[in-house]
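Those protein sequence lines, which keep their order, are chains A and B. When you line the first sequence up against the working numbering, it's residues 1 to 536, in that order. When you line the second sequence up against the working numbering, it's residues 1 to 536, in that order.
Just so you know, not all the hints are guaranteed correct.
Which copy is meant is left open, because identical chains are indistinguishable; a pair holds if it fits in one copy or across any two.
[Said to hold, decoys possible] In the DMTMM-like style, the derived pairs of lysine to aspartate or glutamate whose C-alpha atoms are separated by at most 25 Å in a straight line are:
hint	residue 1	residue 2
1	K358	E94
2	K279	E342
3	K120	E514
4	K24	D48
5	K413	D187
6	K413	D162
7	K279	D225
8	K485	D164
9	K17	D48
10	K159	D412
11	K186	D412
12	K517	D117
13	K186	E300
14	K419	D164
15	K517	E505
16	K358	D340
17	K111	E514
18	K111	D164
19	K485	D162
These are calculated hints, taken from the structure and not from any lab test. Note that this is a predicted model, so its numbers are computed, not measured.
Number of protein chains: 2
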Amino acid sequence: VENRIRNWWGWGFEDSKIPDAEIKQLGSLLAERLGSELTFINEPDISDLKLREPRIKLPERLAQIARTDARERALHSFGRSFQDICRILGGSFERPVDAVIYPQDYDDITKVMEYCDQNKIALIPFGGGSSVVGGVNSFEVNEESYKAILAVDLTNLNKVLDIDLTSRSALIQGGALGPILENQLKDHGLTLRHFPQSFECSSLGGWLATRSGGHFATLYTHIDDLVESIAVITPSGYSRSFRLPGSGAGPSFDRLWLGSEGAFGIITEAWMRIFNRPKFRASLEAYFSDFNQAINASREIAQSGLYPSNARLLDPVEALVNGLGDGMKSVLLIGFESHDHELNIWLNRAREIVESHKAELKAFEVKSDSEKIMADSTSKWRSSFIRMPYLRDALVRLGLIVETFETSITWDKFPELHKEITACVKKILADDFGQKGWISCRFTHVYPDGPAPYYSVLTVGKLDPLSRITQWQEIKSAVSDILIKLGATITHHHAVGRDHIKWYEKQVARGYDEVLKNVKKTYDPNCVMNPGVLIR
Amino acid sequence: VENRIRNWWGWGFEDSKIPDAEIKQLGSLLAERLGSELTFINEPDISDLKLREPRIKLPERLAQIARTDARERALHSFGRSFQDICRILGGSFERPVDAVIYPQDYDDITKVMEYCDQNKIALIPFGGGSSVVGGVNSFEVNEESYKAILAVDLTNLNKVLDIDLTSRSALIQGGALGPILENQLKDHGLTLRHFPQSFECSSLGGWLATRSGGHFATLYTHIDDLVESIAVITPSGYSRSFRLPGSGAGPSFDRLWLGSEGAFGIITEAWMRIFNRPKFRASLEAYFSDFNQAINASREIAQSGLYPSNARLLDPVEALVNGLGDGMKSVLLIGFESHDHELNIWLNRAREIVESHKAELKAFEVKSDSEKIMADSTSKWRSSFIRMPYLRDALVRLGLIVETFETSITWDKFPELHKEITACVKKILADDFGQKGWISCRFTHVYPDGPAPYYSVLTVGKLDPLSRITQWQEIKSAVSDILIKLGATITHHHAVGRDHIKWYEKQVARGYDEVLKNVKKTYDPNCVMNPGVLIR
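Start from the sequences, fold in the hints, and give me the full structure.
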């Protein structure tokens with residue numbers, strides 16, 4: 001895992017990119033479906049890349065752990081949203097980071113922070129760089145306010161430092177990417193079991209800073225719920241909370257850092273609650289002719305107290321894309337996992353519930369072999385879920401607009417939200433773009449009081465990738481307005497970053513913007529930490 | 001419920017006080033056990049009460065909703081800790097609140113807050129007044145800084161304003177006491193099921209402000225986890241969060257108010273997640289000869305993923321006091337509840353786990369009758385759990401020191417903590433007080449990564465109630481030092497208040513005290529809100 005080479009311009013790793021031939025094949029297929037000719041954009045060539053010279057000369061101590069070659073600087077100047085990929089394919093490399101710093105220890109972090117703080121240099125914390133909300137985008141940093149911009153890549157701080165088997169928890173460094181931390185836990189029969197789609201290219205610190213949503217569809221959905229203690233380094237110094245299973249002592253320090261998005265400091269370590277690797281698994285696929293019945297079944301499952309590990313509702317288009325059904329039925333995937341007990345009873349009750357909502361069952365299975373379960377779930381999930389963003393890059397190269405947005409809302413308001421959003425997107429596709437296209441919906445998480453719906457949009461865009469950004473922004477802006485109007489959150493687990501800030505400011509409780517600004521003043525008095533994220 | 005008369009000097013309601021005759025009987029019994037003569041202090045007489053005159057004349061608007069009689073002022077000048085009861089029995093009525101304001105609506109809250117803000121008058125928010133940490137104690141407010149002190153009693157703002165049956169949530173006013181809000185939910189087949197020991201005399205707003213711990217021993221232990229949205233009034237204005245089942249949009253506003261203890265403003269309303277009333281229940285009592293085996297069983301249950309509603313471990317003394325066993329065995333009480341499914345399988349697996357730790361089973365039962373379950377649990381629990389603080393008052397009148405403290409810590413560190421704490425208390429009882437006495441322990445909540453231990457101390461104290469305060473403070477101070485030394489929290493669910501602040505300051509993460517002070521500046525720039533609580 002540690003030796004894989006990152007793709008400098010797109011999602012993930014070089015070894016997992018979809019080959020050109022396969023992309024062209026996909027293009028022919030899609031062109032037919034969409035009734036439109038598709039383009040084919042070549043992969044950008046690193047040797048064509050011309051970045052402006054670094055604007056600063058680093059002091060010796062930092063120069064030793066810095067990289068300033070074009071590949072490193074380009075890789076660290078963007079996140080990996082649809083818009084970011086379009087920018088890169090469109091050759092828009094304004095305001096790249098001036099250097100990338102790779103701290104080898106916490107002292108390095110302190111040193112680079114002091115340097116930035118004293119010299120008014122913007123510091124962008126960089127974990128896996130998988131932000132889809134502009135969380136690490138250097139070109140959005142205000143040029144006039146900062147002498148330079150540094151990305152601080154934390155991936156060398158990637159160790160599981162301590163494991164407490166009795167309390168089932170682990171002390172993990174913030175820079176550890178998903179596979180790297182899981183590999184270290186595996187030897188002890190343990191797993192953090194936090195599997196966002198960005199798993200390969202996102203770090204524990206990044207998950208915490210962005211309130212990442214993981215594999216569990218109920219109960220421990222957000223990384224927030226797995227935290228015992230957080231340690232941080234800020235321009236004002238070092239800080240950490242007591243390591244506790246629960247507390248009622250004042251407003252939670254940890255919760256302030258969950259969602260801090262690098263604007264206050266860097267999360268260096270956290271004690272995390274972990275799980276025994278599951279020995280038992282039970283799952284079913286329920287097919288519904290009526291999306292509303294599928295929603296009601298999801299809701300009853302979420303309110304049942306059965307707490308399935310997985311409970312994902314896919315609308316007919318999402319189901320089709322995932323190889324389930326014929327595009328006419330919604331599918332609810334339910335899975336239970338346990339290291340402790342067989343799950344037949346749980347699954348049987350879930351079956352009763354979905355059948356009472358007129359579902360047709362197509363798979364109903366119980367397994368009990370530890371490593372087979374982990375291997376199964378890993379490989380299955382790898383092949384579709386993890387591959388999706390690689391596919392996204394391929395589709396962008398074919399001239400498509402392909403992006404997602406996500407939210408959460410209470411059950412009572414979901415039908416209205418869903419109706420408004422799908423109508424709005426379809427109208428823009430038809431009237432403004434004059435293109436066929438799809439909007440599809442799945443629930444990534446379900447709570448007793450509401451779902452977290454996740455929408456995907458796909459359509460033919462303008463040939464010029466930079467023009468496609470403007471097209472996407474029309475959709476994004478319209479749906480974001482609907483979210484705020486109906487009281488849905490601007491993000492359930494993608495974070496605020498720079499893309500969502502306009503709507504976040506409408507969502508945020510009155511006066512709380514002032515609170516956050518004062519928090520920033522306390523931890524980061526010279527405003528060098530990830531400027532423009534979360535707080536303007 | 002609404003017409004019951006509060007006891008002005010002690011816990012709860014007049015109608016539930018333990019009669020003098022019963023107290024004397026209890027006294028004889030205990031005197032024998034403790035090998036010591038016991039005193040008998042008469043109930044204080046309201047007609048003896050002489051409070052200093054109110055120091056301000058309220059403006060007409062506030063005078064209309066104010067009470068200034070001695071009974072009201074005395075009732076609102078203290079919480080209900082052991083120390084508070086001693087103070088009252090000892091006749092220590094310095095610095096009472098100057099008046100009690102009863103807002104009838106939110107505008108009244110704004111008006112009294114403006115008045116206090118403009119005139120430098122301390123405002124103590126008062127829900128049920130059950131604080132055991134000095135959270136509502138007027139005598140601790142710095143006299144030089146404030147012209148007067150007002151208690152603002154919120155119990156008229158006690159309505160369930162809206163119920164969303166689809167999303168299973170309710171909008172509830174902050175002043176609603178436990179029984180009052182449960183009565184309103186009951187008609188809809190619903191329950192918040194948050195039953196702290198103070199249930200009768202504590203309010204939703206108080207629970208939220210103090211991060212109260214409820215009936216559930218696993219999963220939704222703190223009220224924190226049941227919040228969708230919070231609305232507040234502060235000296236800087238009105239504020240509320242979006243109502244959401246989950247969110248990842250920046251650091252949580254709600255979490256800042258959870259644990260705010262009235263220092264930033266008043267919680268006026270909250271949308272809360274609620275539950276269907278349970279139809280099925282299954283429970284067992286497991287007896288252990290070895291406390292360590294009982295701990296291991298509790299841990300395995302907490303880590304099993306079975307998520308019992310109840311999982312309380314009582315050490316031999318606690319068990320005896322609760323009428324379970326002969327004082328030689330520890331007892332683990334496990335209960336499952338559901339509105340959705342029978343629980344035999346859950347209970348059977350729990351039985352296997354406790355039996356693998358050499359438990360002896362004495363009760364193992366499955367029930368399925370909705371209202372009977374609620375009635376049963378209510379009445380059983382009423383008779384012991386709810387009665388306990390009334391009994392506490394009786395014991396104080398007998399000259400005893402009787403108080404509790406609680407914490408949480410990870411499983412790995414619990415044995416050391418328990419050893420140090422019990423040794424420390426026993427040493428003080430024997431060496432410094434020269435008395436027999438007990439320290440007992442139970443787990444009120446169990447997490448996968450650690451328990452929330454709750455300690456009770458009982459011994460003969462000095463006759464003078466005020467001297468007994470000093471005695472208790474010796475114990476409290478010594479055990480609090482141990483908690484902080486070993487990294488346990490100063491409070492799991494009793495809050496910080498004024499009693500814990502010295503240790504809270506040692507627990508709080510570096511720089512976070514500054515953050516909280518700045519939050520206070522933002523919401524309460526003139527520092528009139530509950531001064532001295534949480535922040536000094």
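Each hint tested on the structure:
no. : hint        : in the structure
1   : K358 x E94  : neither (55 Å within a copy, 69 Å between copies)
2   : K279 x E342 : both (9 Å within a copy, 24 Å between copies)
3   : K120 x E514 : both (23 Å within a copy, 23 Å between copies)
4   : K24 x D48   : within (23 Å within a copy, 94 Å between copies)
5   : K413 x D187 : between (45 Å within a copy, 24 Å between copies)
6   : K413 x D162 : between (44 Å within a copy, 15 Å between copies)
7   : K279 x D225 : within (23 Å within a copy, 29 Å between copies)
8   : K485 x D164 : between (46 Å within a copy, 19 Å between copies)
9   : K17 x D48   : within (20 Å within a copy, 85 Å between copies)
10  : K159 x D412 : between (44 Å within a copy, 21 Å between copies)
11  : K186 x D412 : between (41 Å within a copy, 21 Å between copies)
12  : K517 x D117 : both (17 Å within a copy, 23 Å between copies)
13  : K186 x E300 : between (34 Å within a copy, 20 Å between copies)
14  : K419 x D164 : between (48 Å within a copy, 20 Å between copies)
15  : K517 x E505 : both (12 Å within a copy, 23 Å between copies)
16  : K358 x D340 : between (32 Å within a copy, 18 Å between copies)
17  : K111 x E514 : between (29 Å within a copy, 23 Å between copies)
18  : K111 x D164 : neither (31 Å within a copy, 53 Å between copies)
19  : K485 x D162 : between (46 Å within a copy, 20 Å between copies)
The structure fails to meet hints 1 and 18 from the earlier list, while all remaining hints are met.
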